[in-house]
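**Student:** Now for the letters of each chain:
Number of protein chains: 4
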Amino acid sequence: MDPCKAAVVGASGYSGEELVRLLIRHAGVELVALTSRQFAGQTVGKVFPRFAGTRYAGLAFIESDISRILESGAQFVFLALPHGVATEYARPLIAAGLRVIDLSADFRIKDVQVYHDFYGEVHHAPELAALSVYGLPEIYRAKIQSAQLVASPGCYPTSVILPLVPLLQRRLIKPQSIVVCSMSGVSGAGRNAKVDYLFAECSESLRAYGVPKHRHLAEIEQELSTAAGEKVTIDFAPHLVPVSRGIHTTIFCAPAEGVEAWHLDHAYAESYGREPFIRLLGTAGLPDTKNVVQTNFVDIAWRHDPRTGRFVLLSAEDNLTKGAAGQAVQSLNIMSGQPETTGLL
Amino acid sequence: MDPCKAAVVGASGYSGEELVRLLIRHAGVELVALTSRQFAGQTVGKVFPRFAGTRYAGLAFIESDISRILESGAQFVFLALPHGVATEYARPLIAAGLRVIDLSADFRIKDVQVYHDFYGEVHHAPELAALSVYGLPEIYRAKIQSAQLVASPGCYPTSVILPLVPLLQRRLIKPQSIVVCSMSGVSGAGRNAKVDYLFAECSESLRAYGVPKHRHLAEIEQELSTAAGEKVTIDFAPHLVPVSRGIHTTIFCAPAEGVEAWHLDHAYAESYGREPFIRLLGTAGLPDTKNVVQTNFVDIAWRHDPRTGRFVLLSAEDNLTKGAAGQAVQSLNIMSGQPETTGLL
Amino acid sequence: MDPCKAAVVGASGYSGEELVRLLIRHAGVELVALTSRQFAGQTVGKVFPRFAGTRYAGLAFIESDISRILESGAQFVFLALPHGVATEYARPLIAAGLRVIDLSADFRIKDVQVYHDFYGEVHHAPELAALSVYGLPEIYRAKIQSAQLVASPGCYPTSVILPLVPLLQRRLIKPQSIVVCSMSGVSGAGRNAKVDYLFAECSESLRAYGVPKHRHLAEIEQELSTAAGEKVTIDFAPHLVPVSRGIHTTIFCAPAEGVEAWHLDHAYAESYGREPFIRLLGTAGLPDTKNVVQTNFVDIAWRHDPRTGRFVLLSAEDNLTKGAAGQAVQSLNIMSGQPETTGLL
Amino acid sequence: MDPCKAAVVGASGYSGEELVRLLIRHAGVELVALTSRQFAGQTVGKVFPRFAGTRYAGLAFIESDISRILESGAQFVFLALPHGVATEYARPLIAAGLRVIDLSADFRIKDVQVYHDFYGEVHHAPELAALSVYGLPEIYRAKIQSAQLVASPGCYPTSVILPLVPLLQRRLIKPQSIVVCSMSGVSGAGRNAKVDYLFAECSESLRAYGVPKHRHLAEIEQELSTAAGEKVTIDFAPHLVPVSRGIHTTIFCAPAEGVEAWHLDHAYAESYGREPFIRLLGTAGLPDTKNVVQTNFVDIAWRHDPRTGRFVLLSAEDNLTKGAAGQAVQSLNIMSGQPETTGLL
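As you go down the protein sequences, you meet chains A, B, C and D in turn.
Per this note's numbering, the first sequence starts with residue 1, numbered consecutively.
Per this note's numbering, the second sequence starts with residue 1, numbered consecutively.
Per this note's numbering, the third sequence starts with residue 1, numbered consecutively.
Per this note's numbering, the fourth sequence starts with residue 1, numbered consecutively.
Bear in mind the hints are in silico, worked out from the structure with no lab data behind them.
There could be a bad hint or two in this list.
No distinction is drawn between identical chains; accordingly, a pair holds when it is met within one copy or between any pair of copies.
[Unchecked claim] With a Cα cut of at most 25 Å, we get these calculated SDA-like pairs of lysine to any residue:
no.: 1; residue 1: Lys110; residue 2: Leu280
no.: 2; residue 1: Lys174; residue 2: Ala254
no.: 3; residue 1: Lys213; residue 2: Ala189
no.: 4; residue 1: Lys174; residue 2: Met1
no.: 5; residue 1: Lys194; residue 2: Gly73
no.: 6; residue 1: Lys174; residue 2: Ala57
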């Protein structure tokens, strides 16, 4: 099978850079274009010195221009753009028959009212949000296969949704009991020049932010509600901690009537036992971001606390890989009919 | 007033070193002895090069020997020893009329059965545990004043108990709804040569540990139960994160019937409005460990989540200062009749 | 003695914040004004949450306005401003009889031609540069005492000049053999929102910069030349490393004819044996920035390499304390006739 | 071509783990055995949770036993053992016809007197040291091809030798003028439980060590002398800095008579212009370890300082990849006749 042709729009941020890192080692994809207003005309090896000497070192960034992207022959386009600008690219690219994987939040929320509530603005393209498939392969693999537009999940949502969906689908926990505590590395804030994210500000600093209404709750609750078959509202406290990459999530929830600890073992084994990128650590291991950084794995563990009766679920992932670029490549693998792990193991 | 005389037993660990750091700047204390098996005979300036050139640089460590401590003329003795060995020092020192501030967990737990349950061994000295005062000045100030033996609180417990007690005392929250998520710096693991705490293992690593039954739950629940007037059992998930110092705690809990957001503002202002080492950040600010590191402050903030109805409480402290040595010095200030902030601001 | 009155102009950067940290604990100084365009009207406790609950928490920043500074009653003014703007403050303040301690490079270089060569612009106020005293107390203590304008040394220069001056003054080394390698923490780059200094860029990054003609060479060579009695030109390679604070400097140089290892021991003991802020580690110890961070000490060690014949000199300091704010306070102590260590030990 | 079969002896340290990481992605090697006394019987996925879910996750460690290694069918054996124990494996494995790549210092030093001088003990196997090829492909590619025993270079030596050899070979610099300053990440100290390498000790710490006679000087000077055709003695100051991985080296040296800046450009282009793992940054770029971490690249830049006349050479590498495991795999690729970059790009 010939490699499929892909382009990356907005390749200068951390997610874009991670896409390039992954595609360099991907035997089934030919990267035919990268766009960046800032770096147009410069080569990959120049903009990202880390990639000098590798396969795409000499590839020059082009302007973020629809016609240029179409000329590149790309069949798949990754959009790695800031919030709010994906529509202007997704519309014409889809109209031209290309398949789009968007890494922003722009098409993830199906309910435009929820979007407005969390993002404080009218949805730019409700018809694209309706059309899009939420790009979590472990839940929507079949739909991703034929999707024209994939809305690749956010970093926190991936770490929260994956541990909870098997339990909610089987009604093993009380949906309204869910409380989530996450920690994220600083790359999650993007390559943005803000004083808050300077080394001298973040080192030796631990802090919560966005409490109690972080935007990612919109997609988290959308997916949890779908799994539960009822509206789910949760508490979510994200924390900024001094690592570059990685998200660790700890979830507390109460069992439904009659549910015992072994039900979780069974549910996870059944839902994820064959998933290539979910590692079930069970009731003995505990996730550590250092084991998932620069990989596409999510590690999941769980505990029953006999003293309080609650369950504690724990997950770890790389916010830029499984939480962004890796998951997007996983979707591309599915969409293009390649083995799902190609370039990701 | 003449400075009081103090000794530090087991001064070679991180808490002991922090005690020395604080006492160097303390005008109301004369440090008359430091003991350490490992470093006996060496000077402070040699063992801790950071303190060379300061007031106690030339003071030599002595053997951890009762008679030597008594000879030093110390009126107050800080015990900064590993778990399980405080009794052999506390008994004879108290018998000799000295006043002891113990930084270990050995005398914190009043119920020997609870001690056995969490520490897996018979209590070494139940009579000392019964005698001791839990050294949290914001709660037990009066008792500390006249205490012969202060059991200085643990690092996590300080960060959990302080935000919850005013709410439990006033029955503003449902005790059984409490869920706690904490992050701690690596100095919390002590100056112990273990592979797990190497720089190359901890850097870029985020992980939970001790879930769901960390030892600190024993004292946390003891104090929460006292405040609530009923037995309180909670969930607690500590996490190890790559900072040297600092603890950040996030607490979720449900309001009691009829309680509204402003009740918390009122409760905190009433309980802590005049506390010199508690800074109330209210419903706007958020704690950050970088603002409390190397200080004796605890910063506390709170939020009401109208979507779920829960409260979110957040606190930050330095695990070695307010969470250990600083709090112990605060107790000494109270015991010796000095202004409580002496040497700590 | 009444405390002297001091103001800090441009208190919002890292050096300004460090000045505030030091002055909070300084019994001989009353801080009467802080200025900041950005934060005028806000209190110290609000702008620097770390200082809430301390002595100056309620002090409000004022506009950086000469008349406001004069009204404050300040006798001493610290200028903690970006490069190039000190003149507009120093001139009128000095004219009004105030004594000024400038933390920028603006008045350090005596030779306006050298200034032009390294800073690429005409000197703003050669008459002030001529008037100023280079604020290195270990070298210029007597002149600082009566100085109207102190040009407080740069962070790198302090770490380079102090180890070399005793050797150059005694002609123990060949001036043209000097090669210097320094590492600095990221706070050295200031509280500036630049992508280069983001946590995710600096963590796990080691890199040289400013090679081979860093601006600090101007003042380094000025002072080394004065000590040597001849023009000294050196190589200097600064490196950015992932710590928040701290500078470590390693210097290689060749002995002059007939000089032996013990000559260094003697020279350092003679020059610095009684200096309160220089700790001589000799030929056994090695400096570590963790021992000097948040202190005003410089640690100095030296070695003779019998294989090559060269000397290796090593120093460590906190770039914000001895390398900036601490040294400035040390000068103020001298200027105001207080014990030199007041507030700094 | 069938993949060649390889074993890793002593796979539990950082270099061993890095070998496993690289071999997982290497299409031309089949990993047939890993040995470890500590972990015998456990699987790769258990010992290194990072590798769970990958190709060799189920492979069980075996005892470090010659007969077991021979039974595995390995044609190539990597020895990733602590200093001093390689001989007991290398001798019988070579006798049995296997080809050995040793990552320790045991066979790098040809002159047993030099070995004794730097390592303080009699050489264990001078005949193997004599037989071995120093495994720096950019210098000894042809010899590596047919080597029975490769002594893979140390981490610091790789970063020092590569920038200097082209200049020494062409007599462009004065050999006795060389002064080297290196910084290394903490993984360079190995996975050893020592207080010195705890996170809380290394974070916010910058320090030199091993000055002036670090063991790596033995192999550095051996190779520099060979290149220069005369005995070369240099100064070398290694520094420990808070990164996990990475070495940055800065070298100062004086040009030989008549040498100009452009001679260096020419020499590097000629020697390394076609090297797949050396990236020449020239006189504009500067190496940064973040660009080489987890790659097999060495980045090299150089400058002429017209003020002093000296050259400044700079290099960066990953101490565990190009400085250890990656370079060893590069040698294996050469020895086994595969493209040299297989599995390393």
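**Student:** Each hint: holds or not?
**Tutor:** Going through the hints against the structure:
1. Taking the shortest alpha-carbon separations for lysine 110 and leucine 280, neither the intra-copy value of 30 Å nor the inter-copy value of 40 Å comes in at or below 25 Å.
2. Taking the shortest alpha-carbon separations for lysine 174 and alanine 254, both the intra-copy value of 6 Å and the inter-copy value of 15 Å come in at or below 25 Å.
3. For a Cα distance limit of 25 Å, the shortest separation of lysine 213 from alanine 189 inside one copy, 17 Å, qualifies, whereas the shortest one across copies, 33 Å, does not.
4. For the identical chains of this complex, lysine 174 and methionine 1 are neighbours neither inside a copy (47 Å) nor across copies (57 Å), given an alpha-carbon limit of 25 Å.
5. In the homo-oligomer, the alpha carbons of lysine 194 and glycine 73 never lie at most 25 Å apart, since the shortest distance is 37 Å inside one protomer and 36 Å across protomers.
6. For a Cα distance limit of 25 Å, the shortest separation of lysine 174 from alanine 57 qualifies neither inside one copy, at 51 Å, nor across copies, at 36 Å.
Checked against the numbered hints given earlier, this structure breaks hints 1, 4, 5 and 6; the rest are met.
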